[in-house]
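Q: Position chain B against the provided structure of chain A, taking the given hints into account.
Protein chains: 2
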Amino acid sequence: MYVAASGPGLANGLANLHNAWRAHTPIVNIVGQHAREHLHFDTPLKSDIEGIARPYADWLRTSSDSVALGRDAAEAMATARALPGGIATLIVPADVAWGDGGVVAEAPELRAARATDGRAVTRAAAMLRSRVPTCLLLSGNALVGIGLAAAGRIAAATGAKLLAPYPFARMERGGGAPVVERIPYIFEQAAGLLKEFRQMILVGAEVPRSYFAHPVKESVPVAAGCEVFTLASPGEDYASALIALAAELGLREGATDSRGALADSGSRRVERPGTPRGAISIAGLAVAVGAVLPDDAIVVDESMTSGRGLMEATARVGPHDWLANTGGSIGIAMPLAVGAAVACPERRVLCLSADGSGMYTMQALWTMAREGLNVTVVVYANRVYGVLKREFSGLGIGEPGEKALSMFEIGRPDLDWVSLARGMGVPGTRAESLEEFVTALRAGFTGAGPSLIQVDL
Amino acid sequence: MYVAASGPGLANGLANLHNAWRAHTPIVNIVGQHAREHLHFDTPLKSDIEGIARPYADWLRTSSDSVALGRDAAEAMATARALPGGIATLIVPADVAWGDGGVVAEAPELRAARATDGRAVTRAAAMLRSRVPTCLLLSGNALVGIGLAAAGRIAAATGAKLLAPYPFARMERGGGAPVVERIPYIFEQAAGLLKEFRQMILVGAEVPRSYFAHPVKESVPVAAGCEVFTLASPGEDYASALIALAAELGLREGATDSRGALADSGSRRVERPGTPRGAISIAGLAVAVGAVLPDDAIVVDESMTSGRGLMEATARVGPHDWLANTGGSIGIAMPLAVGAAVACPERRVLCLSADGSGMYTMQALWTMAREGLNVTVVVYANRVYGVLKREFSGLGIGEPGEKALSMFEIGRPDLDWVSLARGMGVPGTRAESLEEFVTALRAGFTGAGPSLIQVDL
Numbered sequence: 001m002y003v004a005a006s007g008p009g010l011a012n013g014l015a016n017l018h019n020a021w022r023a024h025t026p027i028v029n030i031v032g033q034h035a036r037e038h039l040h041f042d043t044p045l046k047s048d049i050e051g052i053a054r055p056y057a058d059w060l061r062t063s064s065d066s067v068a069l070g071r072d073a074a075e076a077m078a079t080a081r082a083l084p085g086g087i088a089t090l091i092v093p094a095d096v097a098w099g100d101g102g103v104v105a106e107a108p109e110l111r112a113a114r115a116t117d118g119r120a121v122t123r124a125a126a127m128l129r130s131r132v133p134t135c136l137l138l139s140g141n142a143l144v145g146i147g148l149a150a151a152g153r154i155a156a157a158t159g160a161k162l163l164a165p166y167p168f169a170r171m172e173r174g175g176g177a178p179v180v181e182r183i184p185y186i187f188e189q190a191a192g193l194l195k196e197f198r199q200m201i202l203v204g205a206e207v208p209r210s211y212f213a214h215p216v217k218e219s220v221p222v223a224a225g226c227e228v229f230t231l232a233s234p235g236e237d238y239a240s241a242l243i244a245l246a247a248e249l250g251l252r253e254g255a256t257d258s259r260g261a262l263a264d265s266g267s268r269r270v271e272r273p274g275t276p277r278g279a280i281s282i283a284g285l286a287v288a289v290g291a292v293l294p295d296d297a298i299v300v301d302e303s304m305t306s307g308r309g310l311m312e313a314t315a316r317v318g319p320h321d322w323l324a325n326t327g328g329s330i331g332i333a334m335p336l337a338v339g340a341a342v343a344c345p346e347r348r349v350l351c352l353s354a355d356g357s358g359m360y361t362m363q364a365l366w367t368m369a370r371e372g373l374n375v376t377v378v379v380y381a382n383r384v385y386g387v388l389k390r391e392f393s394g395l396g397i398g399e400p401g402e403k404a405l406s407m408f409e410i411g412r413p414d415l416d417w418v419s420l421a422r423g424m425g426v427p428g429t430r431a432e433s434l435e436e437f438v439t440a441l442r443a444g445f446t447g448a449g450p451s452l453i454q455v456d457l
Numbered sequence: 001m002y003v004a005a006s007g008p009g010l011a012n013g014l015a016n017l018h019n020a021w022r023a024h025t026p027i028v029n030i031v032g033q034h035a036r037e038h039l040h041f042d043t044p045l046k047s048d049i050e051g052i053a054r055p056y057a058d059w060l061r062t063s064s065d066s067v068a069l070g071r072d073a074a075e076a077m078a079t080a081r082a083l084p085g086g087i088a089t090l091i092v093p094a095d096v097a098w099g100d101g102g103v104v105a106e107a108p109e110l111r112a113a114r115a116t117d118g119r120a121v122t123r124a125a126a127m128l129r130s131r132v133p134t135c136l137l138l139s140g141n142a143l144v145g146i147g148l149a150a151a152g153r154i155a156a157a158t159g160a161k162l163l164a165p166y167p168f169a170r171m172e173r174g175g176g177a178p179v180v181e182r183i184p185y186i187f188e189q190a191a192g193l194l195k196e197f198r199q200m201i202l203v204g205a206e207v208p209r210s211y212f213a214h215p216v217k218e219s220v221p222v223a224a225g226c227e228v229f230t231l232a233s234p235g236e237d238y239a240s241a242l243i244a245l246a247a248e249l250g251l252r253e254g255a256t257d258s259r260g261a262l263a264d265s266g267s268r269r270v271e272r273p274g275t276p277r278g279a280i281s282i283a284g285l286a287v288a289v290g291a292v293l294p295d296d297a298i299v300v301d302e303s304m305t306s307g308r309g310l311m312e313a314t315a316r317v318g319p320h321d322w323l324a325n326t327g328g329s330i331g332i333a334m335p336l337a338v339g340a341a342v343a344c345p346e347r348r349v350l351c352l353s354a355d356g357s358g359m360y361t362m363q364a365l366w367t368m369a370r371e372g373l374n375v376t377v378v379v380y381a382n383r384v385y386g387v388l389k390r391e392f393s394g395l396g397i398g399e400p401g402e403k404a405l406s407m408f409e410i411g412r413p414d415l416d417w418v419s420l421a422r423g424m425g426v427p428g429t430r431a432e433s434l435e436e437f438v439t440a441l442r443a444g445f446t447g448a449g450p451s452l453i454q455v456d457l
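For the record, the sequence lines run as chains A and B. Quick note: the first sequence uses this note's numbering, first residue 1, plus one each step. Quick note: the second sequence uses this note's numbering, first residue 1, plus one each step.
Calculated from the structure, these hints are not laboratory results. C-beta atoms are modelled at their ideal positions from N, C-alpha and C, and glycine is treated no differently. Hints are not guaranteed to be accurate.
Covered stretches of chain B, going by a simulated chain A footprint (3 or more residues, C-beta under 8 Å) [to be verified]:
#	region
1	206 to 219
2	366 to 379
27 Å max Cα-Cα, derived BS3-like pairs, lysine-lysine [as the list claims (entries may be wrong)]:
#	chain 1	residue 1	chain 2	residue 2
3	A	K389	A	K217
4	B	K217	B	K195
5	B	K46	A	K389
6	B	K389	A	K46
7	A	K217	B	K389
8	A	K403	A	K389
9	B	K217	B	K389
10	A	K217	A	K46
11	B	K195	A	K217
12	A	K217	A	K195
Chain A extracted, bound-state conformation (with noise of 0.2 Å):
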């Protein structure tokens, strides 16, 4: 749930509605409004609060009364856990918060989600036996939990290949959960991993394109020829369809989670990586997150160019569950890691965050060390925007100027991340060689509380 107070506090949420909106983040968004004699007149704060909120909204309204404000919110409440999951933005005008003959409403019943046509799962399922390379691209409720399970199932039985987009928003993974791979942000190298297959099949995610297009390169890295198949769409329930797939292909039912998948094929295994030592690197980092995560850990994943490495390095350690950014609008981490922890107080946070994304967000630090969160931020500090620098160099104009490469690096000053964190009451170090990372990652891990770690890359 969100609150904002007035029209900007809305707009200083909304580049993070944006993904929350990308990622079917169920949100309530509780929006307070001037009472409504006071809209009237031309006051500082006024501010079409629907205009702003409508864009990153998929059920908007401002209450009438204090008597229909427990059914609005009711309404919301319901609309936003509805599969498959969205943003339900109630604005209250203050005099229908202060007024009386305010009623507790029930909760409605969730809408249902849309089944999926059985004539797409037998088609699905003649495509899994032809044996044709075949890659199942998964989102939402098919990356944890049962719909992975029976992800898992197909992919052990059928030989095909479990994929997520780059943007996914929650993956779980480790102790034994089948493995998927994130198709890379880096064109060339998603276009290296989805030449193989001769067949896609869609489970709630939509075809992979670049973020961004290029006046001269291609935006869809799927192989030419092949046969892209759509099982479910948004609004269906993925894990149902998965369910009814691996039941298409006779598969016994199985695990009731994402963990009893790869036991049930016999392959359940933890391979945890050893403690990498020597210079930073963004291998050896790779490496160390590996080695020391915490079973059932929450990572939060925004190291953008510096996390190379980072899922292969932990896909077969302990059961943990790994975020990412599903909008691109950068600046998720921090605040990411604290709604994670505020949320599952007896996990573990690995917080890890490039530098320039770090920068919008950073105050949530200060809310880590108030609320005495246990986690643990990792801030890679390369100094400098490096998407900014690649997609530039997409665009085939040349190198960038001096001013073009000024604006892409973050250095003069360098920041200071340890400086920046005491101030706001975070213990921070800079560890100077992998030794001391996985020394510091190790005390974040059992201290109590916030803590935060420079890597100077």
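A: Only chain B this time, still in chain A's reference frame:
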């Protein structure tokens, strides 16, 4: 000019665009959009940019092709600059930006401001001649240059009092400029100031109202029976209206800038308070600013509840400009100081920020360091959102409970602004007495680049 990448980039600036929109600040807002072809696909950063921009756009267009782009940009600039000033948002799809055929357009003529009705001028002159206690409530260009000079001549000749709304955008002050009193934020104080007036003449301003409505309290601090008359309304040239009013009153053509106004009437003088000594206090801090403010400084004031007495203590010092938060969306001080320092590199900028407000946008400190801007930032660390606490008490629902109080407070842990500044490359100091504050201010005003002073209240 604000340049944003995609919808979320625009969203990141939206809360301060609210302030700029309320202030009628001329802004050309260029927002990048995906190439049109790419918009057919459901990619992560796809968003309804026009929807996000609309609530704060006085002019809004998505450029349709490369040939039209130059003309669109010229029209955006002319629209933004026409009185009273506004926000022109131009959305540029990537293919329009990289396409061929661009043409540099002629700048179109600025739309002329509506002339003030001659009968309104006659009526206002009659009101002023009546010698009934009268105030002129000034806004926009009535608070600077020839507009303020004319207002000063009128006030000197008729005894009318010059007032500004609490949320004004910019005011020329000091160096003999006419003294304009700001209507206080606190309703009871505003009503106290206004109770003597039987006539109020609005020059671009609206009838004063409280920021927020309350269930029981009044929202208009104007005395009952006070006649309110609009000389010039938004879209007119307030300065011209005041010059016409001065002429109607038979006042000779005087100074061509505000600071000549009192010189004309023989009362030009600068009165600078002596440097205060002793323990930190709100009153002492205000006097210290008055004692050492350099000539031609730009003061950005978001001191909120810690700013009592600041404008009084600086009313008759050397010439300076005062910029306030017109829209009530807190977090304007540091970014606005960046803008002022970039626009006027030869002037010193004093940025007065409450700690709660400063937390919204403290990233601007890094920009100050990077650009070597001569900004002296004062952070008033009272560790509370004092306005929220006050507005709560105005609701008449008793004392706040523990949870409500916790939402108003900024302590636990206390913010260390000196560490935060150091983290972004800005040297900082904590002033523990008025002597230390004066020394730190002087060092800030004479040194190169930014500095920060934390004062604990």
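Q: May I ask which of the numbered hints given earlier this structure violates, with the numbers listed in increasing order?
A: 7, 10, 11
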